[in-house]
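Number of protein chains: 2
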Amino acid sequence: MKIIDSPEEMQKQARLLIQSGKYISFVPTMGYLHDGHVSLMRIARENADVVVVSIFVNPMQFGPNEDFKNYPRDFEHDEKLCREAGVDILFYPNPENMYLDDHSIWLSEESLSTVLCGASRPGHFRGVCTIVAKLLNIVQPDFMVLGEKDAQQLRVLRRMVRDMNFSVKIIAAPTVREADGLAMSSRNKYLTPAERKEAVCLFQSLEKAKALFAAGERNAENLKAAMRAVIEATSGKADYIEIVDDETLQSVPFDEAQGRQTLEKPALAALAVKFSSARLIDNTVLR
Amino acid sequence: MKIIDSPEEMQKQARLLIQSGKYISFVPTMGYLHDGHVSLMRIARENADVVVVSIFVNPMQFGPNEDFKNYPRDFEHDEKLCREAGVDILFYPNPENMYLDDHSIWLSEESLSTVLCGASRPGHFRGVCTIVAKLLNIVQPDFMVLGEKDAQQLRVLRRMVRDMNFSVKIIAAPTVREADGLAMSSRNKYLTPAERKEAVCLFQSLEKAKALFAAGERNAENLKAAMRAVIEATSGKADYIEIVDDETLQSVPFDEAQGRQTLEKPALAALAVKFSSARLIDNTVLR
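Residue numbers (my numbering), protein chains in the order written: chain A, 14 to 300; chain B, 14 to 300.
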């Protein structure tokens with residue numbers, strides 16, 4: 014496995030690979046890797062000749078009061094895990110090489126980004142779009158593997174690739190979960206032991222919504238209320254609990270006659286819940 | 014010469030060219046081509062194996078009261094001129110293929126874009142950056158040739174390429190002028206015969222500034238006043254007449270002791286002048 018820290022060198026290597034007829038799969042990460050990331054690497058491997066993983070804790074996608082400084086980092090562990098997963102190139106740039114002091118270009122998505130996490134975290138998706146566009150220009154992959162756990166990020170980046178004509182195909186990878194159902198996340202580390210037990214409530218609230226939906230419930234307000242009840246039985250505080258159109262991420266249409274929101278097209282059930290030091294997200298598609 | 018109208022097909026051709034070891038030079042244009050464009054194509058040819066020219070009147074870089082609808086178009090003439098210039102691929106997309114109805118991604122530059130034309134034309138450089146980023150992703154060139162006439166555009170796009178890690182090298186091409194000195198521009202067509210004679214005032218005001226600078230004048234206010242006097246002797250109305258730092262495009266530092274702006278580093282003298290239906294720009298670097 015090659016470890017590359019220079020964007021120019023990474024770009025040069027990518028060009029050589031392309032010229033030699035190779036196809037590149039790319040997994041962008043912020044490090045502190047877990048089995049969820051490993052599953053992305055496995056899917057990357059199945060789709061191309063060369064697997065590139067990037068590790069970069071992108072300061073520009075954190076708000077001023079968020080956890081950029083405390084975000085967990087463990088390069089030694091990450092490197093070992095990448096080697097074991099058969100990664101070919103680990104791209105690990107310095108922040109100073111990624112953002113010059115007078116950096117002044119931003120890429121923003123102005124529709125899908127305005128709701129859910131975008132509403133709670135102003136500037137977050139601008140930071141995500143900007144860094145991923147930079148990484149795509151550096152790594153020049155044919156495939157990019159993204160986790161379904163970050164549902165809004167997946168949809169925003171699909172839109173970015175479409176609207177900016179990036180020549181990359183996005184592959185969505187199913188969320189990997191702990192034995193009890195908690196979605197794997199680097200931020201689970203922030204949970205106290207008691208909170209860790211409670212944190213399964215995100216998964217349970219989604220399971221509740223799925224069960225009600227499967228039983229015929231099509232009133233979004235009723236589904237959200239049922240989800241909320243599961244969260245409120247714990248110490249977690251809901252940042253948002255939403256059911257939105259899976260494509261546009263806008264509220265599902267309000268049915269005047271029935272006086273309620275009703276689900277006809279596939280809908281995304283998504284929530285963010287805050288524990289003392291952790292803000293966790295999870296989602297499922299109702300269809 | 015191949016004419017390609019589909020972004021997907023253009024991208025596919027570019028990939029094949031890169032895989033076969035070819036280098037691509039790219040000249041983005043809005044059509045209605047003139048000798049200035051031909052000089053860009055000549056420079057493109059000198060630098061790579063394959064020359065791609067795009068013709069696309071980008072609606073997103075025109076303001077609501079600007080000349081998008083009236084912008085001159087003559088594809089037959091443009092096609093002939095490209096053939097004669099030895100262009101390999103003419104990329105001529107439909108607007109509907111470039112911007113879908115729910116397009117929601119924008120690339121903006123937030124420092125260099127705020128002054129000069131950016132101050133007079135809000136949203137202009139956001140439109141320019143977005144379309145050029147899209148074209149770079151579609152054409153995947155090694156070189157992009159841009160005219161020095163659009164001085165601010167050149168600097169904004171250099172910044173975009175740097176900050177977004179595009180793997181393209183920008184080549185700046187000297188402004189091509191009519192016999193009397195008027196910079197060639199598709200918008201010169203808007204001038205009445207009387208205005209056409211007067212329009213040389215932009216060039217003359219820059220020549221005046223250059224002569225005074227060469228004679229030792231370092232007071233930006235004096236240089237701007239001399240430029241303004243040349244414009245005010247015509248029917249043209251100055252939109253702006255500025256002398257700014259050539260790198261940052263910010264005002265040159267104010268010298269408290271002398272009570273005036275003084276030029277120490279290379280400076281850009283730039284102006285925009287409105288005639289009845291034409292807004293013309295020109296510039297020169299004072300060093």
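What the hints contain is simulated information worked out from the structure, not anything from laboratory work.
Small disclaimer: the values here were computed from a predicted structure and weren't measured.
Heads up, a few of these hints could be off.
No copy is singled out in the list; a pair is fine if it fits within one copy or between any two copies.
What the hints assert, rightly or not - Heads up, simulated BS3-like pairs for lysine-lysine below, C-alpha to C-alpha not over 27 Å straight-line:
#1 K278 to K15
#2 K221 to K182
#3 K25 to K35
#4 K162 to K82
#5 K35 to K182
#6 K25 to K223
Original post:
Which earlier hints turn out false for this structure, listed by number in ascending order?
Top reply: Violated hints (numbers, rising): 1, 2, 6; every other hint is consistent with the structure.
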